[in-house]
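Undergrad: Chains as they are written, first to last, in our numbering: chain A, 1 to 468; chain B, 1001 to 1468.
FYI, nobody ran anything at the bench for these hints, they're computed from the structure.
Hints may contain errors.
With a straight-line Cα cutoff of 25 Å, these simulated DMTMM-like cross-link-like pairs (lysine to aspartate or glutamate) come out [what the hints assert, rightly or not]: (1) A:Lys141 / B:Asp1389; (2) A:Lys54 / B:Asp1206; (3) A:Lys383 / B:Glu1132; (4) B:Lys1054 / A:Asp390.
There are 2 protein chains.
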Amino acid sequence: MEKLNNEVTPSHRDLAPDFKEKYFKQVLDHFNYNSLGNGTYDQRYLITDQSWKKGNGPIFFYTGNEGDIWEFARNTGFITELAAVQGALVIFAEHRYYGKSLPFGKDSFNIPEVGLLTVEQALADYAVMITELKEELGAQKCPVIVFGGSYGGMLSVYMRIRYPNIVTGALAASAPILSTAGLGDSRQFFQDVTADFEKFKPACRDAVQGAFQKLNTLAQQKGIHCIQSAFSLCKTPSTPKDIHQLMGLLRNAFTMMAMLDYPYSTHFMGSMPAFPVKVLDWSLAQKASAFILCRPTGIVYNSTGQLTCYDLYSLYVECADPTGCGLGFDSYAWDYQACTEIEMCYESNNVTDMFPPMAFTEQQREQYCSKRWGVVPRPGWLKTQYWGDDLATASNIIFSNGDLDPWANGGIRKSLSPSLIAINIPEGAHHLDLRESNPNDPESVIMARKEESEIIARWVKAAMKESS
Amino acid sequence: MEKLNNEVTPSHRDLAPDFKEKYFKQVLDHFNYNSLGNGTYDQRYLITDQSWKKGNGPIFFYTGNEGDIWEFARNTGFITELAAVQGALVIFAEHRYYGKSLPFGKDSFNIPEVGLLTVEQALADYAVMITELKEELGAQKCPVIVFGGSYGGMLSVYMRIRYPNIVTGALAASAPILSTAGLGDSRQFFQDVTADFEKFKPACRDAVQGAFQKLNTLAQQKGIHCIQSAFSLCKTPSTPKDIHQLMGLLRNAFTMMAMLDYPYSTHFMGSMPAFPVKVLDWSLAQKASAFILCRPTGIVYNSTGQLTCYDLYSLYVECADPTGCGLGFDSYAWDYQACTEIEMCYESNNVTDMFPPMAFTEQQREQYCSKRWGVVPRPGWLKTQYWGDDLATASNIIFSNGDLDPWANGGIRKSLSPSLIAINIPEGAHHLDLRESNPNDPESVIMARKEESEIIARWVKAAMKESS
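Okay, chain A solo, but in the shape it has when bound (with noise of 0.2 Å):
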């Protein structure tokens, strides 16, 4: 789940809605009383009560993911709209090891320091927070509902099942729960990808598999110098590797177009112009040529139309997401959950989907793994901690999808039982439905949002007549 190195990030408190930004102390260690962890940190979140019917109004709390909380709480525009419906609290609480709640500042990358890096550390962490900022803020009987997108929907339903004493029920937008989980076909995503291109026009798929073919054929051939040329390329790709780096970015910027395919100009993960699908000049693809592969390349990696040449190992981070893992610490932090608890070893073949063959089994991903940060991946792990697909004994948690977002068949596509709600958005991308309301919002997500928020009423509601 990269971020794209393009982004202008506008101001945060310009976008933002009224937030505080304020510091929580944390336990470091929720799972060992003697580990160096022995301490406390200082955990970021962000609330704002000018909704809140105090003492009364339930909790939003978003369950923050794999970034600064502040990209987040300002892409996350549904809740406090909600809120000013519902005369909620909102709080957005950022992940341990993301933005500024590094546990050990700029050291939270080293070994062992990293350890306390998981999901079950974030979601302790949320626990304790909303336990003692609902002491504090009076707010005992509050019902809290969680929300999140992508990864941070995955922890929302994992709040809801792990800690169903504290979270009345979850909003998860876009949360692949399965496919992270290593249930379903390692060949879903980007077949998923592919099929966005595909609908919107068949012979997308077979000229962008065909070039990338041609692609292939070309660097085998030393036709190096001229693919520098024709991708602006900063350096010559004199390697395998820079040929593989080059094919992970092109795919990258494929999947980055499909996951943010929202019909209103973005800064979200970077900025995509509104409809980035439908913006290529599909024309092109008549030429069948390896050369229409440049053209995503510009919408994703360069924007704002800056850059003069493409440094490969710069844009497109290859890590242990399939999908890259941008720069920063932010990025470190994503590696090493995808080293650790987080399953993605999604492949591409040229046959199921339009792109190069690329793989990334569990041999390759522990082989990684080890050499980078020091650990072997858990296959089935995350399963076990959080059941999979076998959810009957859950409850109240909303499971919304876009179909135009290729994490979406990862996640939970039919309702489970009458409190195991999916919404399946047909014309939304990546949790299309967590964003302000704009103009250009299709009718699928209108409706989407009104049924969730009719759904958190009840829970609310029924939440607040059991504790009466």
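With chain A's structure known, arrange chain B on it following the hints.
TA: The following block gives chain B in isolation, referenced to the frame of chain A:
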């Protein structure tokens, strides 16, 4: 939950059913991929398939608690009896840091090695063990029912709420899930020990209450030689600490008699005659002397009659559990757990109970635990983690309790829903229902076992139906 030090252990294998003793290669640290625990240890378990309908019958899994697993296998005959009727595979798993399941051998109780002793690690051990053994034994479709007594019963509850994907139902016998999570009245425990004796003979209470007062006066008035001779102490109790230790030892004698007030003689947590509460010669109560407190000491600490004098500090070891910790590695482990997650700040006060005023406050706990183990307890943690009394979303748990057991009122005494069932056994001591059937069993425990059997059969049947 002391193990008495007077036990003449019978050869385990003579009394236990036909178990095979095995070891499971277990993950050392489930919650940190970069810790000192980046490896495995050998976790002991006992297994018998003598009644199992291979591949079809359920799995009865005992979630081992604070001691040698053979001790529990020998004293939990109900499970094997039930397995014979229901065609179940039986596994008794040993808790990490107890018995022979020492993750770091003799270094296990060093700091920081001891840090991997937590409830969470123990539960994850069981989750991983069940998952892998099912695979290995071709038992993927077999529903798992967990059983446990006392702390083991708490673990059974936790397994069901934490891993309902793995565990179909739980029989939690005498599991004080509330009082060990800091919920309820800290005076309840010794009040209920008192009630047992009072119920048998109302005059007892006043006699014992007065005797403790007299003993205290005697100690103040330099009557220590008199005390030494009357109580057959090996050494003169010359300091206030010695007197405090004597008081603790005496209080504990009554506690053990109440807990282990079984209708036949037993060898569990020490040796005890049948009906120990009745065994006392209560005519002594008429004497209104401090020395009526001698007799319980003899029953509890000198059942074999081999001791010629009592050594205060080896017979009773004060620790973070107000009922004492015994000797040896198992007692270190339990002390550590009482210093971290398991909260037992129980007090006696000579008003609501018949014992000397002996408090164990959260402050005293913190002081002791910091000094002994370098840890700071986190009150409220168990409630956060395992839901406290907020069990509304849980299902398929039997909470059985005996009315004679001072731990009972620290547990769930009323059914919370049709699938969260309290079974109370008027004539039952500490998890009597888990013991094998005996000609001296009172009717109430026979009825309880029958009800438990029927409920478990229903759970298994329903789970089989779902998975087919």
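Undergrad: Now, for every hint given, state plainly whether the structure supports it.
TA: Outcome of the hint check:
| no. | hint | verdict |
| --- | --- | --- |
| 1 | A:Lys141 / B:Asp1389 | holds, 15 Å |
| 2 | A:Lys54 / B:Asp1206 | violated, 52 Å |
| 3 | A:Lys383 / B:Glu1132 | holds, 13 Å |
| 4 | B:Lys1054 / A:Asp390 | holds, 24 Å |
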